[in-house]
Amino acid sequence: MKTFKLVRVLGLLAFGSLFMVNVSATSIPEDKIDTLRLAPINIEPTSPAMQKVRNTDVKEVRSYPMQPPIIPHKIDGYQVDIKANKCMACHARSRTGESQAPMVSVTHYMDRDNNFLAELSPRRYFCTQCHVPQLDAKLLVENDFVDMEHLIKANVEQKKH
Amino acid sequence: MLDKLKKIWQVLNRPSVHYSLGFLTLGGFVAGVIFWGGFNTALEATNQEAFCIGCHEMENNVYQELQSTIHFTNRSGVRATCPDCHVPHNWTDKIARKMQASKEVWGKVFGTINTREKFEDKRRELAEHEWDRLKANDSLECRNCHNFTYMDFTRQSPRAAQMHSTSLASGEKTCIDCHKGIAHHLPDMKGVEGF
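In order, the protein sequences belong to chains A and B. The numbering used here puts the first sequence at residues 1 to 161. The numbering used here puts the second sequence at residues 1001 to 1195.
If you are wondering where the hints come from, they were derived from the structure by calculation, not from laboratory data. For clarity, every value in this text was computed on a predicted model and none was experimentally measured. Don't take each hint at face value.
[Said to hold, decoys possible] If you anchor each label on the Cβ, the simulated ranges turn out as follows: (1) A/38 x B/1098: 34 to 42 Å; (2) A/57 x B/1067: 27 to 35 Å; (3) B/1143 x A/57: 39 to 47 Å; (4) B/1151 x A/69: 27 to 35 Å; (5) B/1072 x A/57: 23 to 31 Å; (6) A/122 x B/1044: 44 to 52 Å; (7) A/35 x B/1108: 48 to 56 Å; (8) A/96 x B/1151: 19 to 27 Å; (9) B/1132 x A/105: 30 to 38 Å; (10) A/115 x B/1089: 47 to 55 Å; (11) A/48 x B/1156: 27 to 35 Å.
[Claimed, not checked] What the simulated footprint calls covered on chain A by chain B, stretch by stretch (three residues with Cβ under 8 Å from a Cβ of chain B suffice, anywhere in the stretch; the number is not a length): (12) 75 to 83; (13) 86 to 95.
For each residue, glycine too, the CB sits at the ideal point set by N, CA and C.
Full structure from sequences and hints, please.
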């Protein structure tokens, strides 16, 4: 997390300097800069092996209520463009009977003023904007995310003592 | 000149008067072999991917799209070429398809799809022809390689196994019903069943 923040700050600084804002980035020594690239910028690192998509077809638990559900299957070559939406071939309301796939949420048929539309709302059309398959990959950075249920529980416990 | 032609006609009209029956039989046999061999060689030549993508219509559109799909490049290096899916392997069916393809020669000559825009405009119609053909022959070209009898459902993902063991097994559905656009981009799918 810390390194992430550092990178972000650096990025902002670089962006700022573009607009001739008088901010100096030299305060951070170069060896302290860590990126996910793990190689100097002038060297082409060997790319890591490609990770496998978790293709279990079993729903994953959402980490928080508003999380767009993870796609629990491969989506290689699924066409989502102006002509066709392959995801909707199974997840559309009218298709779920045959496919037994979960129907896309009703919110996907609403425009931003909460009017219901007959078809998928254009702003929700591109599924992979929010929904992604899960790779069988190691975490690249430490994740200290805590589920709010745990937070509530911890809070309750604390009050008891 | 006329005399010569007359003589040739006389020979052709009644060859058995001029040549021995043995020569004619043997000659006919040899000529038959050469003709048949030549015909099939020419037919096979038109059944090569290099022949298909000899036209820029095929090379710049469908062939480019094929290259990123699993039927072109994959872990085991087995690949399908154009005729594997688009020309029946059975001889009579192949000839029938080749005769239909004369329409494609017409299209080539008159430039029916000689630009990207024209091709895109016609994509739905062309795709529908292929869907109809595969629907009619129970996805024969798919099944030339993907034999249902030897499918191991336990090696498939759960949803694939679910679909293949029910709808496909019962014959209610055929490959193309679900697997449209696996080797090329889909056309505008408005109103297509299953989309």
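Consistency of the hints with the structure:
Restraint check, residue 38 of chain A to residue 1098 of chain B: a C-beta distance of roughly 56 Å breaks the suggested window 34 to 42 Å. Judged by the Cβ atoms, the range 27 to 35 Å given for residue 57 of chain A and residue 1067 of chain B holds: they are separated by roughly 29 Å. Restraint check, residue 1143 of chain B to residue 57 of chain A: a C-beta distance of roughly 25 Å breaks the suggested window 39 to 47 Å. About 29 Å separates the C-beta atoms of residue 1151 of chain B and residue 69 of chain A, a value consistent with the hinted range of 27 to 35 Å.
As the Cβ distance of residue 1072 of chain B to residue 57 of chain A is approximately 26 Å, the hint placing it in 23 to 31 Å holds. The beta-carbon spacing between residue 122 of chain A and residue 1044 of chain B, approximately 49 Å, falls within the hinted interval of 44 to 52 Å. Between residue 35 of chain A and residue 1108 of chain B the Cβ separation comes to about 53 Å, which falls inside the hinted range of 48 to 56 Å. The beta-carbon spacing between residue 96 of chain A and residue 1151 of chain B, approximately 25 Å, falls within the hinted interval of 19 to 27 Å.
For the pair residue 1132 of chain B and residue 105 of chain A, the beta carbons lie near 36 Å from each other, so the given range of 30 to 38 Å is met. Take residue 115 of chain A and residue 1089 of chain B: their Cβ atoms lie about 54 Å apart, and the range 47 to 55 Å holds. Taking the beta carbon of each, residue 48 of chain A and residue 1156 of chain B are about 28 Å apart, inside 27 to 35 Å as hinted. Restraint check on the region 75 to 83 of chain A versus chain B: 5 residues with Cβ-Cβ distances below 8 Å, three needed, restraint holds.
Look at the region 86 to 95 of chain A against chain B: 4 of its residues bring a Cβ nearer than 8 Å to a Cβ of that chain, three or more, so the hint holds.
Consistency with the previously given hints fails for numbers 1 and 3, ordered from lowest to highest.
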